[in-house]
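**Q** Chain by chain, the residues:
Protein chains: 2
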Amino acid sequence: MTPGTIYGVGLGPGDPELMSVRADRLVRHAAHVAYFRKAGRPGRARTIVEGMLRPDVHEIAMEYPVTTEVALDDPAYAASLSTFYAEVTAQLRDLALRGEDVVVLCEGDPFFYGSFMHLHTRLSDLVPVKVVPAITGMSAAWTATGIPMTWGDDVLTVLLGTMPTAELARHMANADAIIVMKVGRNLPKVREALATAQRLDRAWLVECATMAEERVMPMAEVGDRAVPYFSIVVVHGQGRRP
Amino acid sequence: MTPGTIYGVGLGPGDPELMSVRADRLVRHAAHVAYFRKAGRPGRARTIVEGMLRPDVHEIAMEYPVTTEVALDDPAYAASLSTFYAEVTAQLRDLALRGEDVVVLCEGDPFFYGSFMHLHTRLSDLVPVKVVPAITGMSAAWTATGIPMTWGDDVLTVLLGTMPTAELARHMANADAIIVMKVGRNLPKVREALATAQRLDRAWLVECATMAEERVMPMAEVGDRAVPYFSIVVVHGQGRRP
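Protein chains in written order, with the working numbering: chain A, 1 to 242; chain B, 1 to 242.
Honestly, the hints are just simulated from the structure, not real lab data.
For clarity, every value in this text was computed on a predicted model and none was experimentally measured.
Treat the hints with care, since some could be wrong.
To be verified - Computed spacing ranges between beta-carbons, pair by pair:
| hint | chain 1 | residue 1 | chain 2 | residue 2 | range |
| --- | --- | --- | --- | --- | --- |
| 1 | A | Val66 | B | Ala78 | 27 to 37 Å |
| 2 | A | Pro218 | B | Ala78 | 27 to 37 Å |
| 3 | A | Gln238 | B | Glu17 | 31 to 41 Å |
Beta carbons are placed, not taken as given, at the ideal position from N, Cα and C, and that holds for glycine.
This is chain A alone, in the form it adopts within the complex (with noise of 0.2 Å):
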């Protein structure tokens, strides 16, 4: 039999009008989709999907066995997951032996900071996988502000809100353009290392770009408020421009 294949499908930053034309199309059409979620939530990538999917399909959600009651450093956070994606691995390689097709939904692109990499690698020497990228959350973040990212010979530079203040800043201080992920609790962090890099007064937060409860304001006005881990801040480049 003809093995099926797993696609990594980016589903892009959440307005579903934003993904391609080709992850539509194997969205609409899929027997098999497989998302990760939290345990007792919708799941964002499914969210996304909400209304497109086949009546008959078959939904594999993959739950998470931890998200942040453990720290990442702590062995047992990299061992449990091992152990889950072992499991869902051998779940989505059994239904591609039978001949079956399965679109895994990934929010954003899929190569970029994504889940479905943990997944990649472990069924790409088994079964045929193919991947779908799609657009970042930062570009949606950046197209948010509507001011434009890099110019010339601008550098830009992506970082993650859980890194150390002081290399966020070292960081920071390097590049001309800076995206910050992952903000989140780590606002706090984030909003010292841009002060350190003097690269604060030039910083937007977007919260949710694409989706109704989009937000964009300088970090100046953000404030001690909670905000919501996929939020990314933005500083735009000032280079070369006739």
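Please arrange chain B on chain A, whose structure you already have, making use of the hints.
**A** Just chain B now, kept in the frame of chain A:
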């Protein structure tokens, strides 16, 4: 009269199926489309939408007065482009003031090193302007390698092949994952910088990602041949993973 809207529509990396559903719709329904190109060439953006436009579409080819004949740091280059951008801005503004919507075709993502940014800054105070983000060429490039790009806290830095070698090497040494855009005739310089930063053995060259001419190979195998201007160098991150 209600003015029309100038849409800066990102077309993505080249494969028309990787346009967003919104971009696809806007392109197919547009009464007026505008696009940059080098005189005497079909234009990359226009080529992507071949076969998609309305039979009665009004096309506005915005032809650069100079491309690579004049050095980037020559004041004549900026002056010539500045006059050109003012002219096309006036043309698009007049259409919008007559109530017409105009779709500006943009390869890649409009706000990411895009020519549309030069129109955006000139038009956005005069008439309504909307931007549709898109899949970047770099997303297409790392997807084409078949290897995930960024893991955990990996820092991604985006560089331009036009930068000085020492600057390239310094930024490469500070990053986990690296993209170099606009490689083209800067290939020898980019290779030297990668070697200095001890990243040459992990680097890939991707030409024309998602297009019929797509080529992907380790930098070590590229040799000294000419590569297209829009070639992209990819160095994958090696960050934390369970």
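**Q** Taking the hints in turn, state whether each one holds.
**A** Right, here's what the structure says about each hint:
In this structure the supplied range 27 to 37 Å is violated for Val66/A paired with Ala78/B, their Cβ-Cβ distance being about 54 Å. Taking the beta carbon of each, Pro218/A and Ala78/B are about 30 Å apart, inside 27 to 37 Å as hinted. Here the CB-CB span from Gln238/A to Glu17/B is close to 35 Å, well matched to the stated 31 to 41 Å.
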